[in-house]
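2 protein chains.
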Amino acid sequence: MKRRRAITLALAAAPLRPASAQAPAPAGAAPIQVASIGGLHFGGEVRTLSGLPVREVQTAAGGPIRRLDVNGDFLVGQMYAQYVKLANPRARHPLMLWHGGGLSGTCWEDTPDGRTGWQSFFLRQGHDTWVSDAFERGRASWPRFPEFIQEEPLFRTLREAWLTFRFGAEDGWALDPARRRPFPGQRFPVDAIENLGRQAIPRWTTTNPQIQAAYDAYLQRVGPAVIIVHSQGCNFAFQAAINAPDRVAAIVAVEASGAPDPARAEVARARGIPILYVWGDYMDQGPWPAFRRTVDRFMEAHRAAGGRGDVLDLPARGIRGNSHMIMHDDNSDEVAALIQAWLGERGLMRG
Amino acid sequence: MKRRRAITLALAAAPLRPASAQAPAPAGAAPIQVASIGGLHFGGEVRTLSGLPVREVQTAAGGPIRRLDVNGDFLVGQMYAQYVKLANPRARHPLMLWHGGGLSGTCWEDTPDGRTGWQSFFLRQGHDTWVSDAFERGRASWPRFPEFIQEEPLFRTLREAWLTFRFGAEDGWALDPARRRPFPGQRFPVDAIENLGRQAIPRWTTTNPQIQAAYDAYLQRVGPAVIIVHSQGCNFAFQAAINAPDRVAAIVAVEASGAPDPARAEVARARGIPILYVWGDYMDQGPWPAFRRTVDRFMEAHRAAGGRGDVLDLPARGIRGNSHMIMHDDNSDEVAALIQAWLGERGLMRG
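First to last, the protein sequences are chains Z and F.
Under this note's numbering, the letters of the first sequence match residues 1 to 351, in that order.
Under this note's numbering, the letters of the second sequence match residues 1 to 351, in that order.
If you're looking for bench data, these hints aren't it; they were derived computationally from the structure.
Since this is a predicted model, take the numbers as computed values, not measurements.
Any given hint could turn out to be false.
Each pair may be met inside one copy or between any two copies, as identical chains are not told apart.
[Stated by the list, open to error] Listed next, the in silico SDA-like pairs over lysine to any residue satisfying Cα-Cα at most 25 Å (straight line):
(1) 85 to 33
(2) 85 to 124
(3) 85 to 285
(4) 85 to 333
(5) 85 to 348
(6) 85 to 29
(7) 85 to 346
(8) 85 to 42
(9) 85 to 292
(10) 85 to 48
(11) 85 to 217
(12) 85 to 337
(13) 85 to 114
(14) 85 to 296
(15) 85 to 125
(16) 85 to 271
(17) 85 to 330
(18) 85 to 30
(19) 85 to 172
(20) 85 to 351
Could you put together the complete structure from these sequences and hints?
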């Protein structure tokens, strides 16, 4: 109780975000010429519930009590994507931005400390952007459990984000911002970790097949596309490239947390797809050595099949201090520019 | 009437379900000049869980088994909004689009049959748009229950949508599209009800106080604003106007399903805020007579206090066949144009 009160005071005393309601446009930036903007869902199927008890509820304040029969037909397994199409895109293909575990597509929008995010960056570079939420995350919606998803979902604690996202060591975490001790040189805005916590999304560990099926449907609809993908999403992107190589023009795997096992997946099918692997700092921390070994195994198999696999190891380039949340770190646009340069070198921009 | 036929014909000339992956831009439409685009979360507070058992999980495919301690600190109660700011807005205030129950902000994007939605319409009319997801809906995320929210959530069945949204009578519902019998003249694209089902979001009935608090925080941050709000959202918008009348420039209440009780709410505080009440057809169906009585009571109290309350009763204007989902009906842009005209008459556009 005492602990919570202290934190509430700390939050109240020091506003974590700028007073303006949103990140300012880059100074002097020209308007983005947008042809159309919208959002849609796809994938999934009708599933039916029966045999559950009937209840009574009040769904509108002041409204009547209603009898609620939860049995019936639902859409289950769909995902969501939002597009911004440019009047004159410079990129040859749509750019898809796929989120990682425990997050939704909002991770590509404003950063936790209120700067513009990678969606804006790549729009300004001339890409049509498609920002999605995987099945059971965010606007994709989620179905009843355990009827439609085994198990219960996971909710990431702030401390778990601190550790898994390599913001600092175990003894450096504190709910009180004044007592947090991040890794030296840390670029993630740890004073704004609450805003990362605000965008955290519950997730299940048993839904990979449905998530993959929805991503595959997404690529059939929108591809061929360039995919920039983060963390847990990378495994789905690599598998999607194997499943439909004609629908993927390139993959930028930012801090991949897993990849298909070359002993079981037909990695060679993705040989025509160039992949850029982007890694931050502090890679000896937490589960990351094991995660990276899995990804490196995939990379080697992809290369052995003739695929192009480039590595953007930021510390090796002299860029130190990046966390797992590179798109949120204080040099996010600097890293985005390196990715943009790679896309240009791969011939994915016009002119 | 002559006007309506012209618009209907224009819509009919374009296929309602384009084969392309997204709704096409209006033919010959000029690009939208966008200054900035992004998304952010706000509101809520740190809440702490303790005493729950530790589990072991595998969060990345091929990754290691990890010990998962679900106890810890979480953000609870926040909401999400996405903004598109124009380079040269014609509107005097930002336009907020608030969704109804069981839906997220996606209801303002493409329609279930693949046309552009009201977000696009109002962007093209010169409004900065802010599309939000209420607490526990969509990208706002939701916290563990029953620890942080009493009860379990509700999931709307396709049949319940059919009845509550006034698409047809009970005996007209069928899962097989060929056997569906909507109300005569129905304008909702009932063949695409699955796409409405795809965007359906679980909701709780016990979260009104947290949802209201987050909306109030949202208005403090972005207002003064014009609010276009649907169904369950109307109750929150009316209450928000009472709570902070200086932050609300006008409300367009589309098919309000509830409103604050004038016997308990200080309705007179909102007297300076003009309100347009928009109603579709088939209002004698299901819970709607009771819902509308509640809203009319609020309207009368608001008017009695000196507030301006206008009614756009579509059937009374000779526009028949609108469902509860007016922004998805086949004349959605026609109704949006009537709303836009009202905003102009209220002095909310420049020049």
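Evaluated hints:
no., hint, result
1, 85 to 33, "both (9 Å within a copy, 12 Å between copies)"
2, 85 to 124, "both (12 Å within a copy, 14 Å between copies)"
3, 85 to 285, "neither (39 Å within a copy, 40 Å between copies)"
4, 85 to 333, "both (21 Å within a copy, 20 Å between copies)"
5, 85 to 348, "within (17 Å within a copy, 28 Å between copies)"
6, 85 to 29, "both (18 Å within a copy, 13 Å between copies)"
7, 85 to 346, "within (22 Å within a copy, 33 Å between copies)"
8, 85 to 42, "within (18 Å within a copy, 28 Å between copies)"
9, 85 to 292, "neither (34 Å within a copy, 40 Å between copies)"
10, 85 to 48, "neither (36 Å within a copy, 42 Å between copies)"
11, 85 to 217, "within (20 Å within a copy, 31 Å between copies)"
12, 85 to 337, "both (20 Å within a copy, 24 Å between copies)"
13, 85 to 114, "both (24 Å within a copy, 15 Å between copies)"
14, 85 to 296, "neither (34 Å within a copy, 42 Å between copies)"
15, 85 to 125, "both (13 Å within a copy, 18 Å between copies)"
16, 85 to 271, "neither (29 Å within a copy, 41 Å between copies)"
17, 85 to 330, "between (27 Å within a copy, 24 Å between copies)"
18, 85 to 30, "both (16 Å within a copy, 13 Å between copies)"
19, 85 to 172, "neither (43 Å within a copy, 39 Å between copies)"
20, 85 to 351, "within (19 Å within a copy, 29 Å between copies)"
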